[in-house]
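Please model the complete structure; the sequences and the hints are all you need to start from.
One-letter residues, chain by chain:
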Amino acid sequence: MSVHLAYLVAGWLFLVGAYGIVVSRDLVHAVVCLSVAQSSSYVLLLSVGYRRGATSPVFADIPPGSPVVDPVVQALVFTDVVVSATITALLLALAIQAEKRSGSANPGRVSGLRG
Amino acid sequence: MSTRTRLVVFAVGALVLAVAYVAAADLLPGFGATSHPYGSRAVNAAVNHRTPNSISSVSFDQRGFDTLGEEFILVLSVVGTMLLLREAPGEEEEDAGSGDDTGDDGAGGQGRPPGASPPDAVRLAGYLMLPLTCLVGGYLVAHGHLSPGGGFQGGVALATGVHLLYLAGDYQALDRFRTLPPFEVAEAVGAGGFVAVGAAALLVGAAFLSNVLPKGTWLALVSAGTVPVLNVAAGVAVVSGLMVLLGEFLEQTLVVREEEGSP
Amino acid sequence: MTLLVDLVLVLVGAVGTAVVLQREATAQALVLAEFGLAFTVLALVLQAPDVALSLFLVGSTVVPLLVLVAVSKRQESNQQEAQK
Numbered sequence: 001m002s003v004h005l006a007y008l009v010a011g012w013l014f015l016v017g018a019y020g021i022v023v024s025r026d027l028v029h030a031v032v033c034l035s036v037a038q039s040s041s042y043v044l045l046l047s048v049g050y051r052r053g054a055t056s057p058v059f060a061d062i063p064p065g066s067p068v069v070d071p072v073v074q075a076l077v078f079t080d081v082v083v084s085a086t087i088t089a090l091l092l093a094l095a096i097q098a099e100k101r102s103g104s105a106n107p108g109r110v111s112g113l114r115g
Numbered sequence: 116m117s118t119r120t121r122l123v124v125f126a127v128g129a130l131v132l133a134v135a136y137v138a139a140a141d142l143l144p145g146f147g148a149t150s151h152p153y154g155s156r157a158v159n160a161a162v163n164h165r166t167p168n169s170i171s172s173v174s175f176d177q178r179g180f181d182t183l184g185e186e187f188i189l190v191l192s193v194v195g196t197m198l199l200l201r202e203a204p205g206e207e208e209e210d211a212g213s214g215d216d217t218g219d220d221g222a223g224g225q226g227r228p229p230g231a232s233p234p235d236a237v238r239l240a241g242y243l244m245l246p247l248t249c250l251v252g253g254y255l256v257a258h259g260h261l262s263p264g265g266g267f268q269g270g271v272a273l274a275t276g277v278h279l280l281y282l283a284g285d286y287q288a289l290d291r292f293r294t295l296p297p298f299e300v301a302e303a304v305g306a307g308g309f310v311a312v313g314a315a316a317l318l319v320g321a322a323f324l325s326n327v328l329p330k331g332t333w334l335a336l337v338s339a340g341t342v343p344v345l346n347v348a349a350g351v352a353v354v355s356g357l358m359v360l361l362g363e364f365l366e367q368t369l370v371v372r373e374e375e376g377s378p
Numbered sequence: 379m380t381l382l383v384d385l386v387l388v389l390v391g392a393v394g395t396a397v398v399l400q401r402e403a404t405a406q407a408l409v410l411a412e413f414g415l416a417f418t419v420l421a422l423v424l425q426a427p428d429v430a431l432s433l434f435l436v437g438s439t440v441v442p443l444l445v446l447v448a449v450s451k452r453q454e455s456n457q458q459e460a461q462k
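Chains as they are written, first to last, in my numbering: chain L, 1 to 115; chain F, 116 to 378; chain S, 379 to 462.
In short, the hints are calculated from the structure, not lab data. Note that the Cβ used here is the ideal one computed from N, Cα and C, for glycine as well. Please note: incorrect hints may appear among the correct ones.
Listed next, with one range per pair, are the computed distances between beta-carbon atoms [what the hints assert, rightly or not]: (1) S/E412 <-> F/T118: 23 to 31 Å; (2) S/L415 <-> F/V304: 31 to 39 Å; (3) F/G253 <-> S/L381: 33 to 41 Å; (4) F/F125 <-> L/L8: 15 to 23 Å; (5) L/P67 <-> F/A288: 43 to 51 Å; (6) F/L317 <-> S/L382: 46 to 54 Å; (7) F/S232 <-> S/Q461: 50 to 58 Å; (8) S/E402 <-> F/P233: 19 to 27 Å; (9) L/P64 <-> F/L318: 41 to 49 Å.
Covered by chain F, according to a simulated footprint, are these stretches of chain L (three or more residues, beta-carbon under 8 Å) [claimed, not checked]: (10) 28-36; (11) 57-65; (12) 75-84.
So, in structure tokens, the structure goes:
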């Protein structure tokens with residue numbers, strides 16, 4: 001059984017991000033750990049698409065027909081990166097408001113948002 | 116639950132996940148494998164549609180519906196952030212740059228102690244890089260179908276480039292440029308434009324979002340059919356969305372203050 | 379070539395761990411920018427220029443800026459609370 005380092009790094013990043021959320025004492029720190037966990041999926045997707053000895057799938061300077069890596073997974077990843085940045089912004093706004101209302105940044109002390 | 120219990124539950128879950136993941140990853144195609152059936156077909160389809168950047172072809176031409184969904188997620192999260200960061204009762208908005216302190220918080224509406232401005236080197240660099248960054252952002256959007264880039268990347272570059280004004284210490288100029296309502300409208304126009312281009316394909320009898328414009332010649336600026344048009348629409352939506360987002364955040368920290376004596 | 383890919387993968391894993399272990403939010407924003415840079419290098423090595431572009435623009439610029447703004451907002455509310 002041989003699992004390549006790339007897949008292992010993806011799994012490790014996910015677990016590390018999840019661990020960060022679990023032990024976090026600060027809402028903003030938890031949101032950043034969530035984005036680390038999210039990037040593990042990008043590592044996995046990019047690794048699945050990689051082809052040894054091939055180049056990037058843009059034919060501006062190479063003739064069509066040369067070996068290239070998989071463009072489908074890259075298309076999935078690059079829109080997701082920008083969109084997840086805005087979702088992180090939404091979560092940070094939520095964290096700001098939660099801290100304002102409950103007076104504390106500790107996730108354990110923030111109970112339901114009122115009004 | 117206490118931290119200790121939480122850690123124990125997490126450890127058990129992580130162990131199970133790790134074992135299952137390694138077992139599953141063993142079945143994945145090996146790293147760097149030469150056989151990518153979906154990828155080869157996607158590249159062939161991109162070349163047939165005369166789009167050198169096959170990643171743009173996949174995201175705007177072959178799987179355009181997914182990109183439409185992602186763009187709507189972007190618009191929705193910007194709307195959500197605007198909703199969350201609006202002024203609540205009990206807060207007031209201080210006139211940015213008017214300089215009068217409503218309390219003794221000493222920040223003067225600029226986010227830094229009064230009288231301190233960034234070093235001249237930073238300001239010069241900011242002013243110099245501003246047109247360059249905007250030009251590069253525009254280039255990325257326009258040439259998305261020819262070289263790496265596209266609406267999303269170019270939009271982000273443009274939005275962050277404009278905020279170099281903030282870095283150069285000129286918050287008033289940024290505030291004047293960045294009146295939010297036109298950008299909110301522009302965001303809707305961008306997202307709606309994407310749908311409109313897709314619906315226009317229906318008028319010709321093809322499927323929604325299919326590539327019905329003439330494909331042109333290889334590597335010309337106007338080629339690859341609807342891909343550059345969709346790039347521009349997505350770029351407009353992303354620029355406006357990010358300007359609104361960053362604007363809301365910066366306003367929150369620099370301008371919105373709590374009224375004295377409110378709970 | 380394979381050695382380069384492996385090295386960059388290990389780098390990404392290490393910086394990711396560093397982001398999580400950094401508890402203080404302001405410093406974490408900077409480590410997050412580092413993570414964006416490492417990830418951009420990984421995307422380049424895996425032959426993905428579009429992805430590298432968006433990762434760099436977003437992960438090293440926009441997200442740390444938002445985190446720093448969120449943190450400064452909190453520090454300011456704490457200051458106001460202390461002055462009341």
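Hint check results:
1. S/E412 <-> F/T118: 23 to 31 Å: holds, 28 Å
2. S/L415 <-> F/V304: 31 to 39 Å: Since the Cβ atoms of S/L415 and F/V304 sit about 34 Å apart, the hinted range of 31 to 39 Å holds.
3. F/G253 <-> S/L381: 33 to 41 Å: holds, 39 Å
4. F/F125 <-> L/L8: 15 to 23 Å: Distance hint for F/F125, L/L8 holds at roughly 19 Å.
5. L/P67 <-> F/A288: 43 to 51 Å: holds, 50 Å
6. F/L317 <-> S/L382: 46 to 54 Å: holds, 48 Å
7. F/S232 <-> S/Q461: 50 to 58 Å: violated, 25 Å
8. S/E402 <-> F/P233: 19 to 27 Å: The hint (19 to 27 Å, Cβ to Cβ) holds, given that S/E402 and F/P233 are roughly 24 Å apart.
9. L/P64 <-> F/L318: 41 to 49 Å: Distance hint for L/P64, F/L318 is violated at roughly 32 Å.
10. 28-36: violated (count 0)
11. 57-65: holds (count 5)
12. 75-84: Since 7 is at least three, the answer is holds.
In summary, the structure is inconsistent with hints 7, 9, 10 from the numbered list given earlier, while agreeing with the others.
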